[in-house]
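Spelled out from the first residue to the last, the chains are:
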Amino acid sequence: MPLSYYLALSAILFTIGVAGVLTRRNAIVVFMCVELMLNSVNLTLVGFSSFLGDSTGQILVLFVMAVAAAEAAIGLAIVIALFRNKQTVNIDEINILKW
Amino acid sequence: MVTLRNPVMSAISLVANFFCIAVLYLLLQAQLLAVLQLVVYTGAIMVLVVFVIMLLNLGREEKLTEKYDFKKIAAVVVASGFALEMLFIIFSMENPATEMAPGAGELGTIEGVGSALFGTFLLPFEVTSILLLAGIIGAVVLARRKA
Numbered sequence: 001m002p003l004s005y006y007l008a009l010s011a012i013l014f015t016i017g018v019a020g021v022l023t024r025r026n027a028i029v030v031f032m033c034v035e036l037m038l039n040s041v042n043l044t045l046v047g048f049s050s051f052l053g054d055s056t057g058q059i060l061v062l063f064v065m066a067v068a069a070a071e072a073a074i075g076l077a078i079v080i081a082l083f084r085n086k087q088t089v090n091i092d093e094i095n096i097l098k099w
Numbered sequence: 001m002v003t004l005r006n007p008v009m010s011a012i013s014l015v016a017n018f019f020c021i022a023v024l025y026l027l028l029q030a031q032l033l034a035v036l037q038l039v040v041y042t043g044a045i046m047v048l049v050v051f052v053i054m055l056l057n058l059g060r061e062e063k064l065t066e067k068y069d070f071k072k073i074a075a076v077v078v079a080s081g082f083a084l085e086m087l088f089i090i091f092s093m094e095n096p097a098t099e100m101a102p103g104a105g106e107l108g109t110i111e112g113v114g115s116a117l118f119g120t121f122l123l124p125f126e127v128t129s130i131l132l133l134a135g136i137i138g139a140v141v142l143a144r145r146k147a
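Listed in order, the protein sequences are those of chains A and B. Per the working numbering, the very first residue in the first sequence carries number 1; after that it's consecutive. Per the working numbering, the very first residue in the second sequence carries number 1; after that it's consecutive.
In case anyone wonders, no lab produced these hints; they're calculated from the structure. The beta carbon of each residue, even a glycine, is placed where N, CA and C say it ideally should be. Possibly wrong hints are sitting among the right ones.
Heads up, simulated DSS-like pairs for lysine-lysine below, C-alpha to C-alpha not over 30 Å straight-line [as the list claims (entries may be wrong)]:
| no. | chain 1 | residue 1 | chain 2 | residue 2 |
| --- | --- | --- | --- | --- |
| 1 | A | Lys-86 | B | Lys-72 |
| 2 | B | Lys-71 | A | Lys-86 |
| 3 | A | Lys-98 | B | Lys-71 |
| 4 | A | Lys-86 | A | Lys-98 |
| 5 | A | Lys-98 | B | Lys-72 |
Stretch by stretch, here's where chain B covers chain A in the computed footprint (C-beta under 8 Å, at least three residues) [stated by the list, open to error]:
| no. | region |
| --- | --- |
| 6 | 12-24 |
| 7 | 35-41 |
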């Protein structure tokens, strides 16, 4: 399969993630859409890594995975703390940082 | 995944998506990353997400307000414009690569990734461990019952 197909799939996945982040109001679903975007970028990196014969891309994917894991833990902890305080995960009602 | 009302269903479709991406990694001869994708993403992260969904009891979902129709349409239009732009760029590349690089098979093995990770990229690797430590501490502090 040529590289373009991987890149196209990755672009489409990224766009689905963007659309989800922009349209959904549930904080956990927004969080999952961000994971989807991270994954599509990972796919691009692995694709370029294999087609260019350079392992740097795969190392970068490892780091992205580590960051995504840390982000998942922190993000979900924040969601739990918010839910405990406001009884909602609707991001339209979570506006306490707004000035 | 984006259009589903129930977040549990969204999570399940995301897990299916992660499996498909793991298969694509195998096709790209990145064996270690395919396994890590399954273990880290579908194993750890999605279990965490589903666990939080269950914990907050969002299964049958308050009907989140539907009054943002204009915003939604605008978002979808912007996103698809973005997608078309990227696809146009991708498919108008000058000589696109059609063959994998000859040595690609060795890059993705544990040996290949490991020697790069512990050789050239040793410092970023160590920094990542500090990041993960900060993540652990942050999660514990944030999710503690009475902060």
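- Query: Does the alpha-carbon distance linking B:Lys-71 and A:Lys-86 stay inside the 30 Å limit?
  - Reply: holds (25 Å)
- Message: Given the hinted pair A:Lys-98 and B:Lys-71, is their Cα-Cα distance within 30 Å?
- Response: holds (20 Å)
- If you look at each residue in the region 35-41 of chain A, do at least three have a Cβ nearer than 8 Å to any Cβ of chain B? holds (count 3)
- Message: For A:Lys-86 and B:Lys-72, compute the direct alpha-carbon distance and say whether it is at most 30 Å.
- Response: Within the cut-off at roughly 25 Å; holds.
- Item | Three-residue Cβ test at 8 Å for the coverage of the region 12-24 of chain A by chain B | holds (count 11)
- For the pair we were handed, A:Lys-98 and B:Lys-72, check the Cα-Cα distance against 30 Å. holds (22 Å)
- Item | Holds or violated: A:Lys-86 to A:Lys-98, with C-alpha atoms at most 30 Å apart | holds (15 Å)
Every hint from the earlier list agrees with this structure, and none is contradicted.
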